[in-house]
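Add 141 to the 1-based position in the sequence shown for the numbering used here, that's all there is to it.
Do not take every clue at face value.
With a straight-line cut-off of 25 Å between C-alpha atoms, the simulated SDA-like cross-links for lysine to any residue are [as the list claims (entries may be wrong)]: (1) K149 / L181; (2) K161 / T187; (3) K149 / Q164; (4) K161 / E194; (5) K177 / L188; (6) K161 / I191; (7) K161 / M179; (8) K177 / E194.
By construction, these hints were calculated from the structure, which means they are not laboratory data.
Being a predicted model, the structure only gives us computed values, none of them experimental.
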Amino acid sequence: MAVSNSIKTLIRALRARLIKRRQDAALRECDPRMLKDMGLRWERGTLVAINPEHEPQARRHKAITRDAHETCPHCGSRLT
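Please put together the full structure from these sequences, using the hints given.
Take a look at the structure:
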């Protein structure tokens, strides 16, 4: 059972990496002005946000998960 979970996790990680590489390849064709309009830039070969401190990933993730547990996904009513 643990082996199958490890294999599933590995497959998910590989799939996510391939998707990210494909997206980065598509964005490499964009010129810097277009990337700036999207709020992105290339830094040392990596695609980064122009203002990463504006909305930290950890805070945004906490807000999404907390909100998801406080409201019903079907009707939107507040859960107690």
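* Asked: Within 25 Å, alpha carbon to alpha carbon, are K149 and L181?
  -> violated, 32 Å
* Are the Cα atoms of K161 and M179 separated by 25 Å or less? -> holds, 17 Å
* **Distance restraint between K161 and E194, which requires alpha-carbon spacing of 25 Å or less** => The hint holds at about 22 Å.
* Is the hinted pair K161 and I191 satisfied, with a Cα-Cα distance of at most 25 Å? -> Roughly 18 Å between the alpha carbons, so the hint for K161 and I191 holds.
* Going straight from one Cα to the other, do K177 and L188 come out at no more than 25 Å? -> Roughly 11 Å between the alpha carbons, so the hint for K177 and L188 holds.
* Hint consistency between K161 and T187 [alpha-carbon to alpha-carbon, up to 25 Å] -> holds, 11 Å
* Asked: Between K149 and Q164, is the straight-line Cα distance small enough, at 25 Å or below?
  -> holds, 23 Å
* Could you grab the alpha-carbon distance between K177 and E194 and see if it respects the 25 Å cut-off? => Holds: K177 and E194 sit about 16 Å apart, inside 25 Å.
In summary, the one numbered hint that this structure violates is 1.
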